[in-house]
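A.B. asks: For the protein sequence lines, the chains are L and A, in the order given.
The letter at position 91 of the first sequence is residue 91 when you use my numbering, and the numbering goes up by one with no holes.
The letter at position 187 of the second sequence is residue 187 when you use my numbering, and the numbering goes up by one with no holes.
If you are wondering where the hints come from, they were derived from the structure by calculation, not from laboratory data.
Some hints could be false.
Selected chain L positions facing chain A (Cβ under 7 Å, derived; list incomplete) [what the hints assert, rightly or not]: (1) 21; (2) 54; (3) 56; (4) 74; (5) 76; (6) 77; (7) 80; (8) 81; (9) 93; (10) 103; (11) 104; (12) 150; (13) 154.
Where a beta carbon is used, it is the ideal one built from N, C-alpha and C, also for glycine.
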Amino acid sequence: MMDRDRLLEVREVTFALQDKVLLAPVSFELDKGEFIWLTGPSGAGKSTLLKIIASLLEPASGEVRFNGEPIGTLKPERYRQQVSYCFQNPLLFGSTVYDNLALPYHVRRRPPQRQMMIEGLARLNLPAATLERTVDQLSGGEKQRVALLRNVQFSPDILLLDEITSALDDPNKRAVRQLIDEQVRQGTAAVWISHDRQETVGSERILTLVAPQNGGQHGST
Amino acid sequence: MVRHEISNESLALALGLVVIALLVSSRERLALEKDIVWSVVRAIVQLTIVGYVLKYIFDLSSDPITVLMVLFICVNAALNAKKRSRGIDRGFLISFVAIAAGTALTLIILVLSRAIEFMPMQVIPVSGMIAGNAMVAVGLCFNHLNQRFSDNRQRIEEMLSLGADIRMTSGKIVRDSIRAAMIPTVDAAKTVGLVSLPGMMSGLIFAGVDPVQAVKYQIMVTFMLLGTASLSTIIAGYLASRRFYTSRMQLK
Chain L
1 MMDRDRLLEV REVTFALQDK VLLAPVSFEL DKGEFIWLTG PSGAGKSTLL
51 KIIASLLEPA SGEVRFNGEP IGTLKPERYR QQVSYCFQNP LLFGSTVYDN
101 LALPYHVRRR PPQRQMMIEG LARLNLPAAT LERTVDQLSG GEKQRVALLR
151 NVQFSPDILL LDEITSALDD PNKRAVRQLI DEQVRQGTAA VWISHDRQET
201 VGSERILTLV APQNGGQHGS T
Chain A
1 MVRHEISNES LALALGLVVI ALLVSSRERL ALEKDIVWSV VRAIVQLTIV
51 GYVLKYIFDL SSDPITVLMV LFICVNAALN AKKRSRGIDR GFLISFVAIA
101 AGTALTLIIL VLSRAIEFMP MQVIPVSGMI AGNAMVAVGL CFNHLNQRFS
151 DNRQRIEEML SLGADIRMTS GKIVRDSIRA AMIPTVDAAK TVGLVSLPGM
201 MSGLIFAGVD PVQAVKYQIM VTFMLLGTAS LSTIIAGYLA SRRFYTSRMQ
251 LK
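Looking at chain A on its own, in the form it has when it is part of the complex:
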């Protein structure tokens, strides 16, 4: 196996790519220079800390710490998804329940099927991938729910005025929102390998793993992303749709 090590000097030279972005920004007056510098600084600091934290946790190899780390990932993902939930109260709780349930179920299936082992080195990166994907899907689902509930306000009230229950009035909106939120994940799964060589597979190939072996991992990743995204958006969609109504089944 050929191992490729990246040196600090090469990384520093690669910073030249950021200089290109800065030049483009200043030439075209995009006013992004501050954001670019800030994002680069953050990326370097965050990733360095994460690198050392992960190294520490991998060395510890403690089950409770591994579970805590997965929870930490889910909390952060939920905090981010909540930002898309304007107008939906308890946005954090709903996001957390949806993302944590989707992530937990997927992890349990992966571990029980022996696709991965319950060790920090495997559980934590996999959790990051699926929780991150679920976060985007749940955020999209919130966006679509907000849009559709506001567009269809009177139609919903017309149904309510005829004695319809919430299942009847929200059913189509929730289904459409879940579908819309899953489209990016489904499209990515359709074109995987044709348009993009995803991060995990690229990383394995870089690290010298046989591409056929790397592909097997990528197939597993595709399965788990689909599973988590669908489970998390369904949970988030149904929980959040209730929040558009008062306890007297009136639109808020």
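Pulled out of the complex, with its shape left as it was, chain L reads as follows:
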């Protein structure tokens, strides 16, 4: 019997480029509304793992299942609307912040809601005028927050967060943390990469990857 709350199963997933192993076999499960910290040294394959789960990369071996279905059998664009990867150093596309926040509406064939975008920006301490700013005027921290907002506007089933606060100061880190906590309370599951011990201390679940060349097993609590 499948667990009804089981959203995601990662089974022995690996990744390699030209015979060089970049991700040693990793397995874990994720339930609805569950939150996992993903940690480990540089080169352990944390971002790679999230990109594989987001179906942006194909694993060398192993399998990812979403709601019991292998993700290779699901329509990529529909799947990625529900399982959304957020980049660590987003570049943003188009010309303005509005273009970035409007894309998730376009992919769902819905008219963009400016008022909703402005409210979202305010929650992340960004003024309404940000909407009209061109993307190359933004700082790294501003881009990180705009990128996160892109991913959470339609509360996906799973959020895959890649060090999304690395360019933020403490008040903004707290704002992001509150936003994610709220999403998780509403049933979104999240996997969050962090190097920050302060962030992860006392958390329920931590998955620690080891670098492939060090052998050994990935750890989890």
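Chain L is fixed; fit chain A onto it per the hints.
C.D. replies: Then chain A, alone, in the frame of chain L:
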């Protein structure tokens, strides 16, 4: 009509121009002497063969052979355009479909409108002109696609990660690449007669045709070059842009 015939002796004397190029190359240490000699030999041999082949085909005046010759031109153009397609698999097939479709459509319109007649003497030179132009445009389009897809890798992945489809992620890149590939053809059309007297018009004037009549042909050539270049680059652009993704809509 005054006909000007070029004698073999005059051609041999004109070879003096190549000697100038050789002298410049050796004086300035450009190390181009070998290439220049090779290119001159190739030009003489290729053109002589083509001259006799064309004479033979024109005399035959057979429709199937004419079509075969047009296909031969398109295959060669596609082989050359493919060289610009590094990183794009099925580069030859895409180039061939794009160039052949552009050339065929333009030929059909020219023949149906009676601008040219379906006879080897008219169809083959016109095919050479339009397929050659399409070849350059398609090659440029490949170049721009490669450049833009590699520059915008992460931006594309950001869009994909939000659930965008390929039409959304590639749209701007494909449009920009098609536009960039067409600029030389459009610019040439803008300055035709002001900067250059193009080959066909010059040839007709040389052969003693009234310049006003020659201009009419050149106007037709301008139309057909624009038509073929745009059609071929659009086909090549859209077909090639798909090749940057896997079947799972991931960037290769």
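A.B. asks: Now tell me, hint by hint, if it's right for this structure.
C.D. replies: Hint check results:
Of the supplied interface hints, the one on residue 21 of chain L is violated, with its beta-carbon coming no nearer than about 20 Å to a beta-carbon of chain A, more than 7 Å. Hint status for residue 54 of chain L relative to chain A: holds, with the closest Cβ pair at about 6 Å, below 7 Å. Taking 7 Å as the C-beta contact cut-off toward chain A, the hint placing residue 56 of chain L at the interface holds, the least distance being around 6 Å. Restraint check, residue 74 of chain L versus chain A: the minimum CB separation of about 10 Å is more than 7 Å; hint violated.
The interface hint given for residue 76 of chain L is met, as the beta carbon of that residue sits about 4 Å from the closest beta carbon of chain A, less than 7 Å. Hint on residue 77 of chain L holds. Least Cβ distance to chain A is approximately 5 Å, under the 7 Å limit. A distance limit of 7 Å between C-beta atoms decides the matter here; for residue 80 of chain L the minimum to chain A is near 4 Å, and the interface restraint holds. With a cut of 7 Å, the hint placing residue 81 of chain L at the interface with chain A holds, because the nearest CB-to-CB distance is about 3 Å.
Interface hint at residue 93 of chain L: satisfied, since its Cβ lies 4 Å from the closest Cβ of chain A, which is below the 7 Å cut-off. Hint status for residue 103 of chain L relative to chain A: holds, with the closest Cβ pair at about 6 Å, below 7 Å. A least Cβ separation of about 5 Å between residue 104 of chain L and chain A falls short of the 7 Å threshold, and the interface hint therefore holds. Hint status for residue 150 of chain L: holds, given a least beta-carbon distance of 6 Å to chain A, under 7 Å.
A hinted interface residue such as residue 154 of chain L counts as satisfied when its beta carbon comes closer than 7 Å to some beta carbon of chain A; here the least separation is about 9 Å, so the hint is violated.
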